[in-house]
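Given these sequences and hints, build the entire structure.
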Amino acid sequence: MSSVIGKFEASLRARRESGGKILVPYITGGLGDDWIETLHAVADAGADGIEIGIPFSDPVMDGPTIQEANDKALAGGATPQSILSAIRDSDIEVPLAVMTYYNIAFRAGDTRFATDLAEAGISGCILPDLPLEETGSWAEAADTAGIETILLAAPTAPDERLPLICERSRGFVYGVGLLGITGVRESLAASAMDIAGRLKAVTDMPVLIGVGVGTPAQAVEVSTVADGVVVGSAIVNRMLSGAGPDGVGELVAEFRSALDDASS
Amino acid sequence: MSTLMGDPGADGRFGEFGGRFVPETLVPACQELEKAFRSAWGDPEFRNELSTLLADYAGRPSPVTECHRLSEELGYRVLLKREDLNHTGSHKINNVLGQALLAKRMGKTRLIAETGAGQHGVATATAAALMGMECRVYMGEVDMGRQELNVFRMNLLGAEVVPAMSGSRTLKDAVNEAMRDWVAKVEDSYYCLGSAMGPHPYPWMVRTFHEVIGIEAHEQCARILDGGVPDVVTACVGGGSNAIGIFSGFVDTDAELVGVEPAGGAAVGRKVPGVVHGSKSYLMQDEVGQVLEAESISAGLDYPGVGPEHAHLAAIGRARYESVTDDEVVEGFQLLARTEGIIPALECAHALAWMSRAREELAGKTVLMNLSGRGDKDVRQMMDVLGK
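Just so you know, the sequences run in chain order A and B.
For the first sequence, position 124 matches number 124 in this note's numbering, and the numbering has no gaps at all.
For the second sequence, position 238 matches number 238 in this note's numbering, and the numbering has no gaps at all.
Hints were generated in silico from the structure; no laboratory data involved.
Heads up, a few of these hints could be off.
Claimed, not checked - In silico DSBU-like pairs for lysine-lysine, Cα to Cα no more than 30 Å straight-line:
| # | chain 1 | residue 1 | chain 2 | residue 2 |
| --- | --- | --- | --- | --- |
| 1 | B | 35 | B | 185 |
| 2 | B | 271 | B | 185 |
| 3 | A | 72 | B | 185 |
| 4 | B | 104 | B | 185 |
| 5 | A | 200 | A | 7 |
| 6 | B | 185 | A | 200 |
To be verified - To be clear about the criterion: a stretch of chain B counts as covered by chain A if any three or more of its residues have a C-beta under 8 Å from a C-beta of chain A, and this derived list gives those stretches:
| # | region |
| --- | --- |
| 7 | 89-98 |
| 8 | 184-192 |
| 9 | 262-276 |
Idealized CB from N, CA, C, for every residue including glycine.
Encoded structure:
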């Protein structure tokens with residue numbers, strides 16, 4: 001099935017075609033007063049795309065770090081609208097995707113939410129509790145609004161399921177690195193390499209691995225097979241520790257240079 | 001099979017509600033579960049094994065009790081379906097024995113459960129002990145405080161009780177933690193969900209395991225009422241498992257079906273659709289879609305959502321849903337104790353509260369209420385409430 005390549009996917013493909021590995025950091029939207037500055041710092045540190053979490057009250061796919069960030073952002077008054085309007089005013093060049101849970105989109109209405117994202121300059125959207133079979137009405141609205149719906153592929157998927165996910169995914173395919181929720185682990189799970197290889201075998205779309213990729217060394221390791229990584233909890237940990245935009249930017253730069261060194 | 005409450009099909013839909021809104025990691029597990037349940041339910045050996053356990057271990061059938069003194073007090077005829085007399089003290093055992101047998105058949109060695117008041121947690125810990133399985137129960141930290149006897153019972157039965165510390169630290173958060181556990185341990189663990197909610201096939205499977213309540217009650221009422229059916233069938237509704245079980249036996253009759261929700265957790269009463277914990281249903285939420293915290297005197301009904309089949313029955317007008325305040329519930333709790341010598345669970349006291357309030361509307365009718373659990377677990381909390 002052919003589809004127009006969106007801005008998010010184009011940026012990722014450009015990195016891959018230049019022989020580099022793709023880096024997509026995740027930050028929690030609305031976390032602290034300086035999160036937009038953090039967004040700029042992450043962009044300047046060499047991100048190929050950035051994932052921005054819109055906090056949800058019941059994030060079942062997320063571990064303690066992102067839960068804490070969610071709670072703090074919500075307690076600080078963050079709403080989908082406040083996050084989107086800050087993004088709209090931010091003039092970020094790097095393509096952006098939001099990650100939230102489906103009820104946030106459903107409550108606004110699929111079409112309205114997709115349009116709101118597009119108007120804020122967002123390119124992509126990840127809804128981890130909206131698996132392939134339930135994407136219907138959302139994906140249609142997102143396609144119409146020009147929003148790339150990024151689907152997840154998990155280690156538990158049987159072989160025949162992976163091509164179906166890749167075919168419906170836009171932007172990239174998000175390979176889930178382990179059986180579990182988001183969070184930094186001591187070492188890379190074997191399942192990360194495995195799902196990366198299985199996805200690369202069935203798609204030409206950029207394959208990124210996230211969940212359990214928490215250090216530059218782990219990013220390099222999994223990128224020997226995958227096209228790149230999504231790094232979430234490690235970066236949000238840094239945001240929560242009060243390192244500020246510069247501190248977060250430094251961490252992203254470490255991931256960037258480790259990936260660059262490994263692919264040069 | 002009922003025409004109104006049938007098989008929700010491969011996509012798990014009850015009208016516009018239901019579905020399978022879970023992280024991709026769990027989709028194959030839900031598909032495998034659906035396949036295993038369809039196969040088990042069609043297998044006479046499985047059905048026979050479950051029936052034997054329900055009879056010889058859980059004590060089924062549970063009786064229907066004619067309430068003479070309560071009827072006199074309320075001015076209409078009251079029948080109680082006595083699920084409080086089951087082993088472990090509530091209807092929860094019906095579902096848990098079914099799911100634990102299924103888990104064993106699927107080769108799983110570990111049960112995960114969430115619990116609110118602790119009744120489902122106790123039932124799951126019981127089934128795990130019976131079948132020699134490992135068991136971990138997630139329970140909101142607030143609920144562990146107000147239901148400490150049930151925490152101790154679960155420990156006695158060999159289960160590990162883990163406090164859910166996030167959000168409101170009640171049932172909703174226990175479900176989140178159980179789902180996170182399941183995502184991580186999906187290969188050897190079985191998520192024994194306690195209500196008729198969650199991703200497909202749970203709402204349908206849990207209802208099916210509780211249909212025994214409705215089937216028995218239908219026969220028992222026919223005997224008591226000379227072949228007739230009650231005018232009204234009522235039950236409390238949190239997630240809605242006991243209600244869906246008894247409704248299933250009467251949905252194809254002329255009986256009016258009335259679910260009773262706590263005022264602070266009236267998902268159906270507010271009629272706003274949403275998606276959480278795996279299915280589309282009615283959901284208490286704010287204007288941008290953040291889930292609201294329910295507030296109820298009863299830990300078992302302290303839940304902002306409701307099972308999708310209830311949303312469907314409400315949407316098509318086949319069942320109606322009323323809500324009652326905590327104060328009315330305290331009255332209902334005492335009413336049954338005083339008039340019939342039965343201490344009800346606080347959950348069931350919601351239905352009693354509505355029955356007491358609606359006595360004019362119900363005058364002259366016959367009302368069957370599902371007494372889904374006994375109140376021993378609530379006695380300590382009621383000592384504080386009543387200032388004794």
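Hints versus structure:
no., hint, verdict
1, 35(B) x 185(B), "holds (20 Å)"
2, 271(B) x 185(B), "violated (35 Å)"
3, 72(A) x 185(B), "holds (28 Å)"
4, 104(B) x 185(B), "holds (16 Å)"
5, 200(A) x 7(A), "holds (21 Å)"
6, 185(B) x 200(A), "holds (26 Å)"
7, 89-98, "violated (count 0)"
8, 184-192, "holds (count 4)"
9, 262-276, "holds (count 4)"
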